[in-house]
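Those sequence lines, one after another, are chains A and B. Just so you know, we're using our numbering here: the first sequence kicks off at 3 and counts up by one. Just so you know, we're using our numbering here: the second sequence kicks off at 7 and counts up by one.
Where hints are given, some of them may not hold.
[Unchecked claim] These stretches of chain A come out as covered by chain B in the derived footprint (C-beta under 8 Å, 3 or more residues):
id: 1; region: 38 to 52
id: 2; region: 87 to 93
id: 3; region: 102 to 109
id: 4; region: 164 to 176
Keep in mind that the hints were calculated from the coordinates and are not lab data. Since we're looking at a predicted model, the values are computed, not measured. From the three backbone atoms N, C-alpha and C, an ideal C-beta is built for every residue, glycine too.
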Amino acid sequence: MATRTQAPRTAPGATRRSGAVRAFSEALFLLPILAVVGFVLVVPTANAILHSFTNWNPGYESPFVGLDNYVELAKSDAFRQILKNQAFLLLGIPIWAILPLVVSVMLYERVPAPGLFRTVFFFPATVSPAIIGILFSFILAPDGPLNAAIRTAGPDSFAANWLADPNLVRPTLIAVLAWATMGTGVVIFSAALSTVPPELFEAAEMDGAGWWQRLFYVVLPTLRHVVELWVVILVISAFVAMFPWIFTLTRGGPGYLSTTLDYDIYQNALGFGYFGLAAAETVYLLVIVGVVITVGAGAFRRRGVEA
Amino acid sequence: MTNRRNSPGKTVLLVVMTLPFLYPFAFLVATALKPLPEFQEDKLGWPDRPSFENISAVWDEVGLGQAMLNSLLAVGVGVVVTVLISAAGAFWFLQHHGRAANVLRSLVLLTMALPPPVFIIPLFVLMSAQGLTNNLLALGIVYAGWNAAFGLYLMHAYYRALPLEVLEAARVDGASLLQQFFYIILPLSRPALATLGVLAFLWSWSDLLLSVVLIQDPERRTVTVATALLADQYSTNIPKNAAGVLLALIPILAIFLLGQRYLARGIAAGVGK
Chain A
3 MATRTQAPRT APGATRRSGA VRAFSEALFL LPILAVVGFV LVVPTANAIL HSFTNWNPGY
63 ESPFVGLDNY VELAKSDAFR QILKNQAFLL LGIPIWAILP LVVSVMLYER VPAPGLFRTV
123 FFFPATVSPA IIGILFSFIL APDGPLNAAI RTAGPDSFAA NWLADPNLVR PTLIAVLAWA
183 TMGTGVVIFS AALSTVPPEL FEAAEMDGAG WWQRLFYVVL PTLRHVVELW VVILVISAFV
243 AMFPWIFTLT RGGPGYLSTT LDYDIYQNAL GFGYFGLAAA ETVYLLVIVG VVITVGAGAF
303 RRRGVEA
Chain B
7 MTNRRNSPGK TVLLVVMTLP FLYPFAFLVA TALKPLPEFQ EDKLGWPDRP SFENISAVWD
67 EVGLGQAMLN SLLAVGVGVV VTVLISAAGA FWFLQHHGRA ANVLRSLVLL TMALPPPVFI
127 IPLFVLMSAQ GLTNNLLALG IVYAGWNAAF GLYLMHAYYR ALPLEVLEAA RVDGASLLQQ
187 FFYIILPLSR PALATLGVLA FLWSWSDLLL SVVLIQDPER RTVTVATALL ADQYSTNIPK
247 NAAGVLLALI PILAIFLLGQ RYLARGIAAG VGK
């Protein structure tokens, strides 16, 4: 034991030097993450903001144009349609939130093999949205299995061109997303429910509350913070995670009726070469995400405290 | 909820609700194993003589085998770099919790609010200027940057719950920082590393936007992009498309089965992206 206390670092001169060495070697742990995050996320985002005020021609002179890109977007019919599409998608939020809540409550009550059910619901949530999107393009095709099932079960007129009909394309997207978001919702709500004492619900049943009453007056308030957090995540996803769905299911059509902001950024820059417009659109998107996060910050904080 | 008794009606209802989640995969397998002429006659049934011709066709002709290797390379680099830089960064923040360090940590965590659609176009412009597009290693680094903030959050939360007297003792014994990191911190945080690794794998493997923009060379396409573009190439040959989708699903299924434990834990604890 005594030999250890004789280590040379106990000498006063060496301590200061080894302090500097230590700070430097410590920094080696921090620098990689700062460098990678800086290069991949921070510098490009700053670049997008700067170039949103220019007529951006990558590789060439990009003249400053002030707010022209923003104004052009605001005046464009396509961009207005895109904002309407985004608003329409938000109508899916109650569905995307309540469906997994109902299923996780059913699983919380005693059913055989709840883990197996959770696995069935959860697996699709781990598959690439792009892959699920292609799969659903088969299912929803005019002569695909969904229409075949409808023709077998009922009148032919209920069969439809789900992804090409202007009235149906957005509701169809909401339905596909309900399928895709179910698993994550069930996992999150099930984890939250597993910490709730069963007595809470038993008391409500004893008082004569029906199943739906218990769901809305007992479960929902108890899981309020988790539900809020899930809704914030869903709202953000409806703005920033739509690209693979649109790319594989509709390519934004018919017309602009299913184009989302993230798909249009891609299309403007790499399809049409309008990099300046895409940059301004990026800033709009950034502002939207910022507002949603600020409004929803409470949900994150409360959840952080709980976890 | 409530008295938690077994209710057959509810179980039947749940079974019915799983059908829409199981059927698409059954349809996928049936279609991928069906030769085109048979599919044109019978779109829905199980194939009379299941055949692997579609699968071997997309593997070779369309180069899905190559795409699979490309994905493995980019995603593999992405996962290793994500785990290393997140664990190392979290180790630094474990030892520095002054005001400045906390602000810095919040700033890094804040980049979780920068989704790919925000940074992909300028990143593409910057990377083309440096000749870094069509480069699977660079794509791996991009995946790491995209996942690192979540990784830092997860690892830091995990470290803080560790019994750190061990570190103190190791320091007294003269262990260097690297030794502390590799011999104490990393082995102690294996479950968190596994969770992060599984999530980073699935997120990166699933990516379409980053790879479709940063890789144009058909030889270097990742499997998600190659599968998504199959439809353009064989718009009328659904069985071939289905075979591609089935192939792309296999690695996801493997990771899902191997890592389900870590996955559910990670999502429940951190509520991913």
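Assertion that chain B covers the region 164 to 176 of chain A - criterion: three or more residues, beta-carbon distance below 8 Å:
Coverage by chain B is violated here, the residue count being 0 at a Cβ distance below 8 Å.
Is the coverage entry for the region 102 to 109 of chain A by chain B consistent with the three-residue Cβ rule at 8 Å?
Coverage by chain B holds for the region 102 to 109 of chain A (4 residues, Cβ < 8 Å).
Examine the region 87 to 93 of chain A: at least three residues should have C-beta closer than 8 Å to a C-beta of chain B.
violated (count 0)
According to a criterion of three or more residues whose C-beta lies within less than 8 Å of a C-beta of chain B, is the region 38 to 52 of chain A covered?
Since three or more residues must qualify, the claim that chain B covers the region 38 to 52 of chain A holds, with 11 doing so at under 8 Å.
Hints 2 and 4 from the earlier list are contradicted by this structure; the remaining hints agree with it.
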